[in-house]
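Visitor: Residue-level listing of the chains:
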Amino acid sequence: MRRPLSLRTFALIMLASVITGYAALAMLPHDPYIRYQSFKGTIFARLGWIYDRIHHDPAPIDIVFLGSSRSGAGVVAPVLEADLTARCPAHPRVANFALPAAGMDIRLTLLDELLLTKRPRLVVIDVTERLPRDGHQAFADLARPSEILTSPWLINRNLPANLIRLPVRQVQLAAATIAPEAFGYTRRFQPETYAGTTIRLKPTEILDGTRLTADPDPDRHAATLSADSQRRRASLTPPLFGGRIEPYEFGVSRYYISTVAARARAAGADVAFLFLPFYNGPDAPLDADWLRTIAPIWSLPGVNLDAANYLDTAHLGAKAEAPVQAWLATQIAGTAACRPQ
Amino acid sequence: MLFNSLQFLLVFLPVALIGYYLILRLGKREWIYPWLILASLGFYAAWNPPYVSLLIASMAGNHRLARRIEQLKPQGLAGPTLAIGTILNIALLGYYKYANFFLDITNQIADTDWTLTKIILPLAISFYTLQQIAFLIDVARGEVKTPSLARYATFVIFFPQLIAGPIVHYREMMPQFFGRSPGRFVSANLTIGMAIFAIGLFKKTVIADTAAGFSSPIFAAARLGADINLVDGWTAVSCYTLQLYFDFSGYSDMAIGLARMFGIILPMNFHSPLRASSIIEYWRRWHMTLQRFIVAYIYQPIVLPVARWSASQDLGKWPGFAVTTVLPTMVSFIIIGLWHGAAWTFVLFGVMHGLYISTNEFWRQYRRKARRKAAPGRAAVTGYFILTLLAVLFANVMFRAENVGTALAVWAGMLRLDQAASLIALFPVSLAEVFSKPLVLIIIGTALIAFFPNTQQLFTRYRPVLEWSAWKRVAPPAISLTWRPTLLWAITTGIILLLGTVFVLRGQSEFIYFNF
Chain A
1 MRRPLSLRTF ALIMLASVIT GYAALAMLPH DPYIRYQSFK GTIFARLGWI
51 YDRIHHDPAP IDIVFLGSSR SGAGVVAPVL EADLTARCPA HPRVANFALP
101 AAGMDIRLTL LDELLLTKRP RLVVIDVTER LPRDGHQAFA DLARPSEILT
151 SPWLINRNLP ANLIRLPVRQ VQLAAATIAP EAFGYTRRFQ PETYAGTTIR
201 LKPTEILDGT RLTADPDPDR HAATLSADSQ RRRASLTPPL FGGRIEPYEF
251 GVSRYYISTV AARARAAGAD VAFLFLPFYN GPDAPLDADW LRTIAPIWSL
301 PGVNLDAANY LDTAHLGAKA EAPVQAWLAT QIAGTAACRP Q
Chain B
1 MLFNSLQFLL VFLPVALIGY YLILRLGKRE WIYPWLILAS LGFYAAWNPP
51 YVSLLIASMA GNHRLARRIE QLKPQGLAGP TLAIGTILNI ALLGYYKYAN
101 FFLDITNQIA DTDWTLTKII LPLAISFYTL QQIAFLIDVA RGEVKTPSLA
151 RYATFVIFFP QLIAGPIVHY REMMPQFFGR SPGRFVSANL TIGMAIFAIG
201 LFKKTVIADT AAGFSSPIFA AARLGADINL VDGWTAVSCY TLQLYFDFSG
251 YSDMAIGLAR MFGIILPMNF HSPLRASSII EYWRRWHMTL QRFIVAYIYQ
301 PIVLPVARWS ASQDLGKWPG FAVTTVLPTM VSFIIIGLWH GAAWTFVLFG
351 VMHGLYISTN EFWRQYRRKA RRKAAPGRAA VTGYFILTLL AVLFANVMFR
401 AENVGTALAV WAGMLRLDQA ASLIALFPVS LAEVFSKPLV LIIIGTALIA
451 FFPNTQQLFT RYRPVLEWSA WKRVAPPAIS LTWRPTLLWA ITTGIILLLG
501 TVFVLRGQSE FIYFNF
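Protein chains in written order, with this note's numbering: chain A, 1 to 341; chain B, 1 to 516.
Looking at chain A on its own, in the form it has when it is part of the complex:
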């Protein structure tokens, strides 16, 4: 231990201790409930409710929506559940696990967590106009270490940052697991603060603070949405690469969508894609050809030309609520989720 080493040996051992230390920190155990609570105070705070719904609420989940803020605003679980009850012989239970931002990796994390306790019959994945080229920003903090370590390498621009973040995250979660109260978390489920089984999402849970209400003046509202819609259309860049490279450009999204679909089917669920267009946006996702090879796409028709249907450019508002749920119920009525078990 005290004998001087050659500098090359020293450097190699130092590097080995960095790698070993990394592995040791990455393997630090923690309570996953703490991990889901660690988003308190962020725009992803509803992950706490999602964990409670999966693990602490005995009610089944028959239909789950894994999506972005689009489905967060557009799918109103209590209304949809009531519609489905009227159409289906059983009483299917709907859970909307939407989170802001469109990255697809986090959908797999949520599905895996869900499958630990529930057996959904239908998994609906919300897709936007263009598949994201990167993963979700909350993935690094929500995924299990094994999920981060086994993320696809090509072309996953978030991976280096996710890997580097992993040890400190594990240290923080391990410390919070030992003393949750010190960090403002709880060790046990608290029924008195649980929002309920089938809940309506508040705009604050899914949208940032700048877009919580539509402009009361319809003309001004339409003008604002038109301008923003133009910007959004312009930002829908076509694939940068063609030919054999193209799949890698959207490789992260394609990998996770395929895996979510495969894992859901392996658990006995049907899979569908839900597309809720933005105001004046395309009627169908631009990746529809590829998506159709995985599952059917439900593209919401007839709403995207009327600004009054929207809270902001990308999110449906109160006016569209009833017709959208009725349309969705019709789509779902044709799946196994509506049939008696």
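Errors might be hidden in some of the hints.
Computed footprint of chain A on chain B, listed as stretches where at least three residues anywhere in the stretch have a Cβ under 8 Å from a Cβ of chain A [said to hold, decoys possible]: (1) 28 to 42; (2) 99 to 108; (3) 481 to 489.
Label pairs and their computed distance ranges (CB to CB) [as the list claims (entries may be wrong)]: (4) A:GLY184 x B:VAL381: 58 to 68 Å; (5) B:PRO49 x A:ARG3: 22 to 32 Å; (6) B:PHE362 x A:ILE19: 50 to 60 Å; (7) B:ILE443 x A:GLY184: 22 to 32 Å; (8) B:ILE443 x A:ALA82: 20 to 30 Å; (9) A:GLY184 x B:PHE362: 29 to 39 Å; (10) A:ALA82 x B:VAL440: 52 to 62 Å.
In short, the hints are calculated from the structure, not lab data.
Backbone N, C-alpha and C fix where the C-beta goes; we use that ideal spot for every residue, glycine too.
Since the structure of chain A is provided, determine the placement of chain B on it from the hints.
Guide: Frame of chain A; chain B shown alone:
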């Protein structure tokens, strides 16, 4: 770009090092200057690209002035050019750093409403301005010759010391780039540099940023008018003192380690100042390169004429002391305070330390005969140490506070001695409180400061800093540890580097001295 950022650690630094050693390997020694200039400008541009032009203009202008001073020196005419150069540098610093401050004062006094558009303080301007003023004076004194623009630029903007020092003299840094040194002992320099850097990174990301988490909310509450109690007051000041020390000494370690990776040894900036048993000793060991500058270029130029004047007036012992010691000390420390920032809190911080030093000098004079008979005993030294620490803690409150009112509120809290019984609340009574209360951090941080070797003591075998031989026996640690390339140290260094790096991701924060 921050030293504690992943783009610096994983991209910029490896590229800069590989390019540097590749150039030396190819035998193109003269290319190392353009390479380091390019790398340093890139490093600086990552913060605010437009201000790169200000840095270049300042550098080119000072180089031109130095050349002119050198030309005029033989005729004894360099003085006015030196004065112009110094004034221009101070004016540049004054505009960017102090314009709004003095405008506010003018508005208050003259009841006017003049405004300037918001001026963004250029990163590192306080450091590179001082360094260049010192260079001009050294040229005028004939202590250095003006080098080529490439070498001069490397001296000013060498990225390890560009942003927050150590403030270097040309004659101590640049000769290391000449001769046979560059490219020798590469493995040793890289290993030692990396180890020193790792310790600095650990100090910053693990200790300083954790301490900030405890002190900042209390200062913020005080600013908003909250009542600060005894526990809050002492928590704020002790955690902020830990933060300030580990942040800035950590930064200095990183700078020294980075320079060492290029084979360059920088001067020391900290030498366990919080172990000092007098305020004079504290300032000899805190931000040492700034003190060096202030003493050489401000304090001494004031002392010499006033000492002559005092002697000519036959002022007597204590009036002479006031003129030759107190006056230059107060002026120097007010300048030190203002150098840190354009705010009354920094002025008062300077005034406090000026008074501390003056009192300390008075006590030394007063006790000189007694000291000759017998050195102070252990109890007296302990008393001096506690007094010094308390003085530093109180001044640090002023240094940290956003305004004088905030500092007064925190001081008031610290002096709520009627709440002494409440200090028991500092002790954690549950596992949760071990994390949520600062006592464990304070104990660990204090133990590291009080008993363990500082970074250069740890690397004493490898000449970690310039003039180390003069300092190696000062403030020896109670626990003697020295770094060596052994198995145990390889593992320890690796773990320190790992923790320093992974804690970057806990939340990156700027170094305190980046604001100055």
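Visitor: Are at least 3 residues of the segment 481 to 489 of chain B within less than 8 Å of chain A when you compare beta carbons?
Guide: n = 6 at 8 Å, threshold three: holds.
Visitor: Does the beta carbon distance between PHE362 (chain B) and ILE19 (chain A) stay inside 50 to 60 Å, or does it fall outside?
Guide: holds, 58 Å
Visitor: If you check the beta carbons of GLY184 (chain A) and PHE362 (chain B), does the distance land in 29 to 39 Å?
Guide: violated, 52 Å
Visitor: Should the hint that ILE443 (chain B) and ALA82 (chain A) are 20 to 30 Å apart at their CB atoms be regarded as holding?
Guide: About 59 Å separates the Cβ atoms of ILE443 (chain B) and ALA82 (chain A), which means 20 to 30 Å is violated.
Visitor: Please test the hint of 22 to 32 Å on the beta carbon pair from PRO49 (chain B) and ARG3 (chain A).
Guide: For PRO49 (chain B) and ARG3 (chain A) the Cβ distance comes to about 50 Å; the hint is violated.
Visitor: Take the segment 99 to 108 of chain B, compare each residue's beta carbon with every beta carbon of chain A, and decide whether three or more fall closer than 8 Å.
Guide: violated (count 0)
Visitor: Count the residues of the segment 28 to 42 of chain B with a beta-carbon closer than 8 Å to any beta-carbon of chain A: does the count reach three?
Guide: Violated, because only 0 residues of the segment 28 to 42 of chain B bring their Cβ atoms closer than 8 Å to Cβ atoms of chain A.
Visitor: Verify the CB-CB distance for GLY184 (chain A) and VAL381 (chain B) against the hinted window 58 to 68 Å.
Guide: 45 Å Cβ-Cβ, so the 58 to 68 Å window is violated.
Visitor: CB of ILE443 (chain B) to CB of GLY184 (chain A), is that within 22 to 32 Å?
Guide: holds, 24 Å
Visitor: Is 52 to 62 Å right for how far apart the beta carbons of ALA82 (chain A) and VAL440 (chain B) are?
Guide: Given range 52 to 62 Å: holds, Cβ gap about 54 Å.
Of the numbered hints listed earlier, those contradicted by the structure are 1, 2, 4, 5, 8 and 9.
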